[in-house]
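Peer 1: Spelled out from the first residue to the last, the chains are:
2 protein chains.
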Amino acid sequence: MNENEKKVPSVVIRRLPRYYRYLGELMKQGTTRISSNALSQKMNVTASQIRQDFNYFGGFGQQGYGYNVEILYKEIGDILGLNDGDTMIILGAGNLGRALANHDTFEKRGFRLVGIFDNDRRIIGSSINGIKVMSIDELEHFIAENRVDIAILTLPKAAVQSAAERLAAAGVKGLMNFSYTELKLPNDIAVSNVHLSDPLMFLSYEIKRKGN
Amino acid sequence: MNENEKKVPSVVIRRLPRYYRYLGELMKQGTTRISSNALSQKMNVTASQIRQDFNYFGGFGQQGYGYNVEILYKEIGDILGLNDGDTMIILGAGNLGRALANHDTFEKRGFRLVGIFDNDRRIIGSSINGIKVMSIDELEHFIAENRVDIAILTLPKAAVQSAAERLAAAGVKGLMNFSYTELKLPNDIAVSNVHLSDPLMFLSYEIKRKGN
Numbered sequence: 000m001n002e003n004e005k006k007v008p009s010v011v012i013r014r015l016p017r018y019y020r021y022l023g024e025l026m027k028q029g030t031t032r033i034s035s036n037a038l039s040q041k042m043n044v045t046a047s048q049i050r051q052d053f054n055y056f057g058g059f060g061q062q063g064y065g066y067n068v069e070i071l072y073k074e075i076g077d078i079l080g081l082n083d084g085d086t087m088i089i090l091g092a093g094n095l096g097r098a099l100a101n102h103d104t105f106e107k108r109g110f111r112l113v114g115i116f117d118n119d120r121r122i123i124g125s126s127i128n129g130i131k132v133m134s135i136d137e138l139e140h141f142i143a144e145n146r147v148d149i150a151i152l153t154l155p156k157a158a159v160q161s162a163a164e165r166l167a168a169a170g171v172k173g174l175m176n177f178s179y180t181e182l183k184l185p186n187d188i189a190v191s192n193v194h195l196s197d198p199l200m201f202l203s204y205e206i207k208r209k210g211n
Numbered sequence: 000m001n002e003n004e005k006k007v008p009s010v011v012i013r014r015l016p017r018y019y020r021y022l023g024e025l026m027k028q029g030t031t032r033i034s035s036n037a038l039s040q041k042m043n044v045t046a047s048q049i050r051q052d053f054n055y056f057g058g059f060g061q062q063g064y065g066y067n068v069e070i071l072y073k074e075i076g077d078i079l080g081l082n083d084g085d086t087m088i089i090l091g092a093g094n095l096g097r098a099l100a101n102h103d104t105f106e107k108r109g110f111r112l113v114g115i116f117d118n119d120r121r122i123i124g125s126s127i128n129g130i131k132v133m134s135i136d137e138l139e140h141f142i143a144e145n146r147v148d149i150a151i152l153t154l155p156k157a158a159v160q161s162a163a164e165r166l167a168a169a170g171v172k173g174l175m176n177f178s179y180t181e182l183k184l185p186n187d188i189a190v191s192n193v194h195l196s197d198p199l200m201f202l203s204y205e206i207k208r209k210g211n
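From first to last, the protein sequence lines stand for chains Y and S.
Residue 189 in numbering that gives the first Met the number 0 sits at position 190 of the first sequence, with consecutive numbering throughout.
Residue 104 in numbering that gives the first Met the number 0 sits at position 105 of the second sequence, with consecutive numbering throughout.
Rather than coming from a laboratory, the hints here were simulated on the basis of the structure.
Keep in mind the model is a prediction, meaning the values are calculated, not measured.
The reader is advised that the hints may include incorrect statements.
Pairs count within a copy or across copies, as identical chains cannot be separated in the list.
What the hints assert, rightly or not - Distance condition first, Cα-Cα at most 30 Å in a straight line; then the derived DSSO-like pairs of lysine-lysine:
id	residue 1	residue 2
1	Lys131	Lys27
2	Lys6	Lys27
3	Lys156	Lys27
4	Lys183	Lys41
5	Lys41	Lys156
6	Lys41	Lys73
7	Lys156	Lys131
8	Lys6	Lys156
9	Lys73	Lys6
10	Lys131	Lys6
11	Lys73	Lys131
12	Lys27	Lys209
13	Lys27	Lys41
14	Lys131	Lys41
15	Lys6	Lys41
16	Lys6	Lys107
17	Lys183	Lys73
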């Protein structure tokens, strides 16, 4: 990592997964080269925004001639750290935890599920997508014995802060939090809060705006 | 709706649910008034960004004196159309469909689940969160008989485009699509694609940046 990368605004980083997905689609379709204008039309972002975003990382290729799709895909993947073999665990084996354990896009993006934890004795010991559900009491022991980079939290709201503190203390580096709670944690742990009702609220606005 | 609202950029609209959630939290904590500076610190957005966003809707109150939390919460809710009683159905009663059917935040935000559809005979007729799973063959008939504003799609990738076309033709106004497919649809239907791996990719970047 060089010094320049440190200054990339978070909104730009948040757009990188979207570029990455689009480029993956283009590769599948056999597209080898694309201009920022063509990419812009497909992604509904201005071409100048794309060039500005890419400039944070050195630009990725010549204007006019366009971008090499495969190289750009690989470079963005590297910037995102998708080739680092990040491992993850899921806390909470309810419907959402199960759905995420079976979500094959995570693996496609390079994330490997290594453990699932719950405190319900009726679930502990059962298997989800080939992974045995463990008691949440075993959390620290498991993390001490296995590399765990990311924890996905699908716990009840009341349980999530203390679980997050345990994960941070045990050395987990990133949390994906589905529990609609702002976590208070040391700065060295990265948190991404997922709010599934946000897209619904956006749709509600759009429906109203379109006057349906 | 006035003419000004039509020009609000989509990125601003995408931020409204976040303001709405924060204001809800503040209300719960008993905060009655907040300055854009204080809101800015809590939300990790610049105060000028907040003022700029709110100016699209007339500003919502005096600078210096701060915003009335309850009124602002209600106004943003109205802009988002959360008090319109939007109804929704879920297509796909797998783990993710089940999780979303049981996701009580949707109801808290004013969205009412009225139907669940699947094509698996073993599931059709069973109940999820008090709602009977119907055959996908009954889709058009159900929509003709019931108000359906939004459909949540948790279908296999191969099934989602044709289902979306049927929903659009039947008059559904918004789609929340979990299927990692860009849908090609008439412009009068609003679509929000949800990519659950995007927050993971963001975490991967953050972990790498922090040099853990």
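Peer 1: Run every hint past the structure and note whether it holds.
Peer 2: How the hints compare with the structure:
1. In this assembly of identical chains, Lys131 and Lys27 lie within 30 Å of each other by CA distance neither inside one copy nor across copies; the values are 34 Å within and 39 Å between.
2. In this assembly of identical chains, Lys6 and Lys27 lie within 30 Å of each other by CA distance neither inside one copy nor across copies; the values are 32 Å within and 36 Å between.
3. When the C-alpha separation of Lys156 and Lys27 is checked against a cutoff of 30 Å, the pair qualifies only between copies, where the shortest distance is 15 Å, while the shortest distance within a copy is 40 Å.
4. For the identical chains of this complex, Lys183 and Lys41 are inter-copy neighbours only, at 12 Å across copies versus 39 Å inside a copy, given an alpha-carbon limit of 30 Å.
5. Only between protomers do Lys41 and Lys156 lie at most 30 Å apart by alpha-carbon distance; the minimum there is 20 Å, versus 38 Å within a single protomer.
6. When the C-alpha separation of Lys41 and Lys73 is checked against a cutoff of 30 Å, the pair qualifies only within one copy, where the shortest distance is 20 Å, while the shortest distance between copies is 36 Å.
7. Taking the shortest Cα distances, Lys156 and Lys131 sit within 30 Å of each other both inside one copy (24 Å) and across copies (27 Å).
8. In this assembly of identical chains, Lys6 and Lys156 lie within 30 Å of each other by CA distance neither inside one copy nor across copies; the values are 33 Å within and 37 Å between.
9. Within a single copy, Lys73 and Lys6 get their C-alpha atoms as close as 21 Å, which meets the 30 Å cut-off; across copies the closest is 37 Å, which misses it.
10. Taking identical chains as interchangeable, the C-alpha atoms of Lys131 and Lys6 are never at most 30 Å apart, the minima being 41 Å within one chain and 51 Å between chains.
11. Neither within a single protomer nor between protomers do Lys73 and Lys131 lie at most 30 Å apart by alpha-carbon distance, with minima of 33 Å and 45 Å respectively.
12. Within a single copy, Lys27 and Lys209 get their C-alpha atoms no closer than 34 Å, and across copies no closer than 33 Å, so neither meets the 30 Å cut-off.
13. Taking the shortest Cα distances, Lys27 and Lys41 sit within 30 Å of each other inside one copy (15 Å), while across copies they are farther apart (42 Å).
14. For the identical chains of this complex, Lys131 and Lys41 are neighbours neither inside a copy (42 Å) nor across copies (39 Å), given an alpha-carbon limit of 30 Å.
15. Both within a single protomer and between protomers do Lys6 and Lys41 lie at most 30 Å apart by alpha-carbon distance, with minima of 28 Å and 21 Å respectively.
16. Only within a single protomer do Lys6 and Lys107 lie at most 30 Å apart by alpha-carbon distance; the minimum there is 29 Å, versus 38 Å between protomers.
17. Taking the shortest Cα distances, Lys183 and Lys73 sit within 30 Å of each other only across copies (27 Å), while inside one copy they are farther apart (35 Å).
In summary, the numbered hints that this structure violates are 1, 2, 8, 10, 11, 12 and 14.
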